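J.: Spelled out from the first residue to the last, the chains are:
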Amino acid sequence: MSDTTVDRPKGAAGTAGLGDDYDTKYGFHDDESAYDFKSKKGVDHEVVEMISRYKKEPDWMREVRHNALDVFLSKPMPTWGSTELLNSIDFENIHYYVRASERQAQDWDDVPESVKNTFEKLGIPEAERKFLAGVTAQYESEVVYHSLREDLEKLGVIFTDMDTGLREYEDVVREHFTSVIPAEDNKFAALNTAVWSGGSFVYVPKGVEVAIPLQAYFRINTENMGQFERTLIIADEGSKVHYIEGCTAPTYSSDSLHSAVVELIARPGSTIRYTTIQNWSKNVYNLVTKRAIAEAGSRVEWIDGNLGSKLTMKYPAVYLVGEGAHAEILSVAFSSSDQHQDAGSKVIHAAPRTTSVITSKSISKDGGRGTYRGLVKVHEGAEGSKVNVKCDALLLDDRSRSDTYPTMEVDDEAVSIEHEATVSKVGEEQLYYLMSRGLDQDAATTLIVNGFIEPFTKELPMEYAVELNRLIQLEMEGAIG
Amino acid sequence: MAFERLCALSDLPEGEARVFTVGEWRLAAARSGTAVFVVEDRCSHDDGELGQGVVHGLTADGCEIECPRHGARFDMATGRATHMPAVAPIETFESKVEDDTIWVDVPQW
Amino acid sequence: MSTDHMNVDAGPETSLRDVVTTRGGNDPAWLATARQDALSAYEASSLPDRVQHLWRYTDPQRFLPGERTPTTPDSHFGDLPADCQDATYEHVAGYALARDGRVLRSALDPLIADKKVVLTDLCTAAREHEDLVRPRLFSLLDAGGDKFEQLSAATFAGGTFFHVPRNVTIDRPFVVAHRVGGDGLIASRSLLVAGEGSEATIVFDLTSVGDDDAPLRHEGLEIHVEPGARLHVAFVQACGKRVTHAPVIRCRVERDAALETVSVALGGALVKSLQTTELVGKGSDVRVLGIVFANGRQHIDHHTLQDHVIGRNTSNLDYRTVVADRARSSYTGNLRIGLDGVGADAHQSNHNMLLSKKARADTIPELEILTNDVTCSHAAACGPIDEEMITFCQSRGISPRDARTLIVTGFLEPIVERVPGQQLRERVRSAVADRLDRVV
Chain A
1 MSDTTVDRPK GAAGTAGLGD DYDTKYGFHD DESAYDFKSK KGVDHEVVEM ISRYKKEPDW
61 MREVRHNALD VFLSKPMPTW GSTELLNSID FENIHYYVRA SERQAQDWDD VPESVKNTFE
121 KLGIPEAERK FLAGVTAQYE SEVVYHSLRE DLEKLGVIFT DMDTGLREYE DVVREHFTSV
181 IPAEDNKFAA LNTAVWSGGS FVYVPKGVEV AIPLQAYFRI NTENMGQFER TLIIADEGSK
241 VHYIEGCTAP TYSSDSLHSA VVELIARPGS TIRYTTIQNW SKNVYNLVTK RAIAEAGSRV
301 EWIDGNLGSK LTMKYPAVYL VGEGAHAEIL SVAFSSSDQH QDAGSKVIHA APRTTSVITS
361 KSISKDGGRG TYRGLVKVHE GAEGSKVNVK CDALLLDDRS RSDTYPTMEV DDEAVSIEHE
421 ATVSKVGEEQ LYYLMSRGLD QDAATTLIVN GFIEPFTKEL PMEYAVELNR LIQLEMEGAI
481 G
Chain B
482 MAFERLCALS DLPEGEARVF TVGEWRLAAA RSGTAVFVVE DRCSHDDGEL GQGVVHGLTA
542 DGCEIECPRH GARFDMATGR ATHMPAVAPI ETFESKVEDD TIWVDVPQW
Chain C
591 MSTDHMNVDA GPETSLRDVV TTRGGNDPAW LATARQDALS AYEASSLPDR VQHLWRYTDP
651 QRFLPGERTP TTPDSHFGDL PADCQDATYE HVAGYALARD GRVLRSALDP LIADKKVVLT
711 DLCTAAREHE DLVRPRLFSL LDAGGDKFEQ LSAATFAGGT FFHVPRNVTI DRPFVVAHRV
771 GGDGLIASRS LLVAGEGSEA TIVFDLTSVG DDDAPLRHEG LEIHVEPGAR LHVAFVQACG
831 KRVTHAPVIR CRVERDAALE TVSVALGGAL VKSLQTTELV GKGSDVRVLG IVFANGRQHI
891 DHHTLQDHVI GRNTSNLDYR TVVADRARSS YTGNLRIGLD GVGADAHQSN HNMLLSKKAR
951 ADTIPELEIL TNDVTCSHAA ACGPIDEEMI TFCQSRGISP RDARTLIVTG FLEPIVERVP
1011 GQQLRERVRS AVADRLDRVV
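Protein chains in written order, with the numbering used here: chain A, 1 to 481; chain B, 482 to 590; chain C, 591 to 1030.
These aren't lab readings, by the way, just hints derived from the structure by calculation.
Nothing false has been slipped in among the hints.
Below, simulated EDC-like cross-link-like pairs (lysine to aspartate or glutamate); rule was C-alpha separation at most 16 Å, straight line:
1. Lys947(C) x Glu572(B)
2. Lys425(A) x Glu958(C)
3. Lys947(C) x Glu380(A)
4. Lys948(C) x Glu383(A)
5. Lys425(A) x Asp935(C)
6. Lys948(C) x Glu380(A)
A quick note: this is a predicted structure, and the numbers were derived from the prediction, not measured.
Okay, chain A solo, but in the shape it has when bound:
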C-alpha cells in the first residue's frame, strides 16, 4: 500500500511506530524476576482471602469477595455465544493476582523502570501531556501510575484507582459497589467481584464539566494472567465526564483472561461518555460486563471499538430508569483470522420518554467472525419511548462470517422501535470507481472500510481516531488478493 493513497497523518501524539506490526509494537514482555508478587495459579477461597488481606481491605469487602466466589463456582458457563471457546478457558491455569511494583507512583520518574518501559513504548506519558485531564495506567493487577490535573482536583473531581477509592472513600464505594452489576448477574461478573484489583474510581461533583477526557490504560504482561479491573464512575447531577480506556497485551503461547466490570451511575441531567479501544493480543479472552444506570434527563454513551482478543463477549448496557434519559451505543468490531467478536448492546427502557440509538458496525475478514448480539427491552410504563437500532456488517471475503442476534421485547403500546440490519460485501461499483481514480485494490478497500466505520471514528478524540485508522490499516494490509 502506498502512503499517498490513504490519509495517514504523521507525527500525531501517541501514534509513532503504529505502522509496525502488533508484535513489535505491543509484543514485548518482562522476565519473570521483575515481579513483586504473583498469586498461585487457580482460584479458591484461599486466593480470594490472600488478595483481600494483602490489600488490607475492610471485612465487608472480603465478604463480598467470598460470596462472589461461591456464585462464580456455582454458576454454569453461558450456553450461548462462543461456547467452544468459553469452555476451553482453563480457570486453574491462571494467575488471578500479579503485582509488579510495591508503590503507586504519581511522578512518572518514580515508576519502576521495567513498567515505565512498557508504557513509554505505548506512548502513554506523551499522550497524557498532550491532551488528557488525568491518566491511570494499570499494569497486571495493580495501578502503577496515576495523575490528575490540579484544577480538576480543586473542583472536587475524584479520579483514582479503585483500591485507593476503597481506602479513601469507603462509604461511597460501599454504597455503589455491585449496585449496578451484582455478582449474581453472570459468571464473569462474579469472578471479577471475587478477585478484582485495580480499575478506576471516578466521581464528578454536581454541575462540574470535565472538558477533556480522563484516560486509563490497561496492560497485561504476564503469561496466563487474568486481569480483573473494576471501575465505578459516578457523575453527579448536571455533571459531564468522558472516560477513555485502551488495552493491550503481548502475544504468548498460552491464553490470558481479561474480565472487567464497569459500573456507571449517571445522576439526573448528567452525561457520561465511556470510550474503549480494545486491542488485546489474539490470545486474550475478553469477557467484560459494562452497565450504566441513567437517571432522569441524563445521557450515557458507550463508544466501543473492538479490534483485538481471541474472543470478546461484551454488551455495554444502559438502564434508562429516569424520565427522558438517553442512551447512545456506538460500536465497531473488526474480526480477523481466529477471532470472534461477539459484541453488542443492551438498553432497558424503564421510564417514560426515554430514547436510545444503537449503531453497530462489524467488519470480518480472513475467516473472522463478527456477532452482533443485542437486547432492547421496553417495560410497561415507558410510554413515549423511542428506540433506533442499526447494525451493518461488511464481509471482506467468502470465508468470514457475520451474525446478527437482536432481541426486542416490548411491553408497552405507546413506544416506537425500529431495527434494521444489513450484510454486504465491499461494493464493486465503489471499488471500481476508486480504482479508476488510481488507487490499488488494497488502498481502495481500506478507504471503503474507513468510510464504513466513519460514524464511529468521528466520535473519537483525534489521537484515538488516528490510532484506530492505523490499526485498521494494519489489519487490512494484504486483505485483498
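Knowing the structure of chain A, use the given hints to seat chains B and C on it.
T.: Relative to chain A, chains B and C alone:
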C-alpha cells in the same frame, strides 16, 4: 377480578416463598402470620421464574423476594424492583385468609 | 370421486408405546419401524433448554403430553365448510376433511383425479402409494432437533398426503378442513409434494369443534417443492381459545422452484410454531408470509428459518403481528446463508402493532451469514397505532374507533390478500373484523 383459592394456610410455611398456579397465572407467595404477599412468579429482568427465591426482611408489612438466578429483588407488597438487574415492577395480587384457606384475587384474563 | 378413511384404531389408547404399536399395526412394516424409532428418539431426548433462545419465551413443559392420552380421532366431521360444498368443483380442485389428526374423507374434481393428483390420509397413502411416500416421509426431520417433532412422527393418527405429479398445473386451490376436539393429545403428520414443473395451491383450514375443547396438538409437516415447481400453501388457524398448538413445518425448495406460504394465526391459548425452509438450488424464490392477531391471554410464539444452503436465489419474509389485551407474540426469525450461498438475495421484515398497555411483542430477527457475496437485510418495528393517522382520518370525518379498525385492517391486509380461495380469505377478514370489534 375474582378471588380464587391459592392454597391452605399450612401449604405456605412462614418465611419461605412458594410457587402456585391459579388459572393461567403462576404466582409466588410468602407469608408472615396471616399477612400473605402474592406476586406474579416472574422476574421483570428476564421474565424467568422467581421460583423458590429467598425471602428477606419478612414482617406483617412486607418483605423482599430475591430472584435465585441473577440476584434481582422485589418488594412483595408493592411489586417494586429494589435491586439490579431488575428495574421494572412486577404485578402484585390482593389476598385474604379465611379460616385456613388463602384466597387470591386474579384477573380473569 | 370420494374415499372414506375408516377409523381403524382398536380399543382404548393408554400409553404412548401402546399407541405407537397399535397405530403402526395398520402401517407397512417400514413405517411401523420408523414410528418406533421416533418414539425412542422422543424418549431419549431432553426437553428444550429454556436458556436456548427459541424457548426463552415459552415453557416447553406445556407441550409434553403428561396426563393426556392420544385422542382416537372422531369419525364424524360435522357440517362442511362452504368451500367444501362445491360439488361442481367450480372454486376448488378438491378437498379433504380431517378430524383429530386423521383425514376422514377426501374428494377431487374427477378431471384432477385423472391427472393422478393424490389428496388422501397419510396412513392410507403409505399403504397405497409407498413409492411416493417412503422416499420422502421424515426425510426433512431434523434428527438432532425438535423433541416434539419426534412425538408427532411416532404417534400421528394420520394427516394429509398431497402429491401433484410432474408438469401438472392446477389453477384452483385444494382445501384441507381440519377440526380438533377433546382434551387429549392430537398428533398428525402431513406430506406435500409438488412434482417437477408442477403448479398447485393448497390451504389448511384449522378449527376446533367447540370453544371449550382443549387438546394439545402436535403437527408435523414436510413440504417438497421439486425443481421448477410452484407451490402456494396457506395455514389458517382459528382454533378455540383453549387449544395448545405446536406445528413444525419443514420445507425444501429445489432449483428454479417457488414456494409461498401464508400463515394466519388467530386461535389457540398457546401456540409454538416452527417453520424452516431450505433453499437447496439456484433460481428458486421463497416467500414466507404471516399474520398473528392475538387478544385475551393468548401467547403465540413463532419461529422461522430460511436457510440458503445454495445461493443465486431469493427469499422474502413478511410477518405482521397485532397484539391486544394481555396477549403476547414472540417472533424469532433467522436468515442463514451457508458457505455455498453466494448470490443469495434474502430479506425479512417483522412489524408489530400493540393495541394495549399490557400487550407484549418480542421480535428477534436474526442473520447468520457465512459468505460475502450476498444481499441480506432485516427490519423489525414495534409501535402503537399511529396517532397522526387517526387524526388524519378524523379530519376526513372518520371516528377514532373506525379509524383504528381501518388502520389495523390495512396493516394486515397485504398478507390476508395472499390467502388463496375467496371463501377462506373472506373468513379470515371477518375473523379479523370480529376481533377488532372486541379490542379496539
